[in-house]
Amino acid sequence: MNRTMKVAVAAALLLGLTAGAEAQSTKPKDARVKRGEYLATIMDCGGCHTPGVFFGKPDASRPFAGSEVGFQIPGLGVFFPPNLTPDKATGLGSWSEKEIIAAIRTGTRPDGRVLAPVMPYKHYGALTDADASALAAYLKSLPPVSNQVPAMTGPSEKPSGPYLTVAMP
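With mature numbering (1 follows the signal peptide of the UniProt record, and there is no 0) as the guide, the letters of the sequence shown map in order to residues -23 to -1, 1 to 146.
Keep in mind the hints are simulated off the structure, nothing from the lab.
Note that this is a predicted model, so its numbers are computed, not measured.
Fair warning: there could be bad hints in the mix.
[Unchecked claim] Derived DSSO-like pairs (lysine-lysine); straight-line CA-CA distance at most 30 Å:
#1 K65 - K75
#2 K75 - K135
#3 K135 - K34
#4 K99 - K11
[Said to hold, decoys possible] Label pairs and their computed distance ranges (CB to CB):
#5 E76 - P51: 28 to 38 Å
#6 H100 - G52: 21 to 31 Å
#7 P146 - G29: 44 to 54 Å
#8 Y15 - T83: 17 to 27 Å
The beta carbon of each residue, even a glycine, is placed where N, CA and C say it ideally should be.
Can you make the complete structure from the sequences, with help from the hints?
See the structure below:
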């Protein structure tokens, strides 16, 4: 085998190894995103974070884009489920996977604020590292949807959107 053939064979082997490594690195990622989709489904993330869901007409074209209906928590105010898509302006687009995992598991946002207690982060804190990472990867893989939900309001402020509340008898 002459030098030119040896170089060609070496290049082909190298390219084959590189292509194989790329295929291996995308395969686990795809599996991780699929696991995250499964978790988001069984955890019913879309049950709060999808427009129209509280009106009985979930907007299937904007899953996880946040809700226009909030939750009133006595003494705390009204909280609207935020946009979980990777939209940079209205969603989680500027959050890292690590920051998403912290919010899911501890209820702490990147800016240090604590999520509303209606978000079951205390229960989600039991997620394994692999499952929390898969859920974050799935949310980052969603198509970004621009959807600004109404702002949360304090207990003495008037909410700018409809909200659910508990009525005492």
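Now for the hints, and whether the structure bears them out:
1. In summary, the hint linking K65 to K75 is supported, as the alpha carbons are separated by about 16 Å, within the 30 Å threshold.
2. Taken as a hint, the K75 and K135 pair is broken in the structure, with Cα atoms around 34 Å apart against an allowance of 30 Å.
3. At roughly 25 Å between alpha-carbon atoms, K135 and K34 fall within 30 Å of each other, so this suggested pair holds.
4. With a CA separation close to 24 Å, the supplied pair K99 and K11 stays within the 30 Å bound.
5. For E76 and P51, the hinted distance range of 28 to 38 Å is satisfied, since their beta carbons lie about 29 Å from each other.
6. The beta-carbon spacing between H100 and G52, approximately 22 Å, falls within the hinted interval of 21 to 31 Å.
7. Checked against the hint of 44 to 54 Å, the C-beta distance between P146 and G29 comes to roughly 30 Å, which is inconsistent with it.
8. Look at Y15 against T83: about 22 Å separates their beta carbons, and that is inside 17 to 27 Å.
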